[in-house]
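Each step along the sequence shown adds one to the number in the numbering used here, with nothing skipped, and position 169 is 175.
For the record, the hints were derived by calculation from the structure and aren't laboratory data. Beta carbons are placed, not taken as given, at the ideal position from N, Cα and C, and that holds for glycine. Careful, some of the hints might be misleading.
Each pair of labels, with its calculated beta carbon distance range [claimed, not checked]:
#1 TYR170 to ALA107: 14 to 20 Å
#2 GLU148 to SER221: 28 to 34 Å
#3 ARG167 to GLY116: 14 to 20 Å
#4 ASN98 to GLY150: 36 to 42 Å
#5 TYR164 to LEU94: 39 to 45 Å
#6 VAL175 to GLY150: 24 to 30 Å
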Amino acid sequence: MTTISTNNDIYSGLGLTTQESANNSNELGMDDFLNLMITELNHQDPTKPMDNSQLATQISQFSTVSGIQDLNSAFTGLSADLTSGQALQAANLVGHEVLVATNSGWLSNGGSIKGVTELPSSAADLTVRVTDASGALVREIELGSQSAGQINFSWDGYDDRGNYMPEGVYEITAHATVDDAELSPYVYLNAKVDSVNLGGADGLGLNIQGLGQISMNNVAQIF
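Using the sequences and the accompanying hints, generate a full structural model.
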């Protein structure tokens, strides 16, 4: 059984680094505020003492700033917890397959490309087409009439003439005839996760074998 001792272990295991934020010693705390208030009261002009409304205003202003700082601290802690959770989730994905919303599939030597297409309603005819990097048609997979819902398909890597295609990226598209209209349903393809990235603008990113980085938001299923 593998145990995880600290958050830093999570990040180092993924090749990530974290940075501790140092507390600013110049920040005004409640004790400092009260000391300043007492000093101000002791040195005020006896002929023009601070009225109650002015004193209440200063206390209210400090309380507002202090409350915002406490809220920021709470959100900072929550963000750190969420990031740690993402790191744990990401670590578990490495080496596994995920179902990704994409038309680009990676064919490895001796492998195949599996996927799913989704029909909004029953189709009289459903075809999956495979094209290479130049856009040339490699294979048409006839799936016939299908009911509405998710339809699984698989390309074994062979073209229409029985030749096994070289390793690389291939475009997978679905084409359906629904109520005498031609549709291009969404396609989801199986892909292997090589590594992860937590520093992207879209949050958690997955580095997919042969395809590069995608957002975790594009993952429909984890196997």
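Hint check results:
TYR170 and ALA107 have their C-beta atoms about 27 Å apart, which leaves the hinted 14 to 20 Å range violated. The given range of 28 to 34 Å is respected by GLU148 and SER221, whose C-beta atoms sit roughly 33 Å from each other. A hinted range of 14 to 20 Å holds for the C-beta pair ARG167 and GLY116, which are about 19 Å apart. About 38 Å separates the C-beta atoms of ASN98 and GLY150, a value consistent with the hinted range of 36 to 42 Å.
The hinted range of 39 to 45 Å is satisfied by TYR164 and LEU94, whose Cβ atoms lie roughly 40 Å apart. Take VAL175 and GLY150: their Cβ atoms lie about 28 Å apart, and the range 24 to 30 Å holds.
Comparing the model with each numbered hint stated earlier shows that hint 1 is the single one that does not hold.
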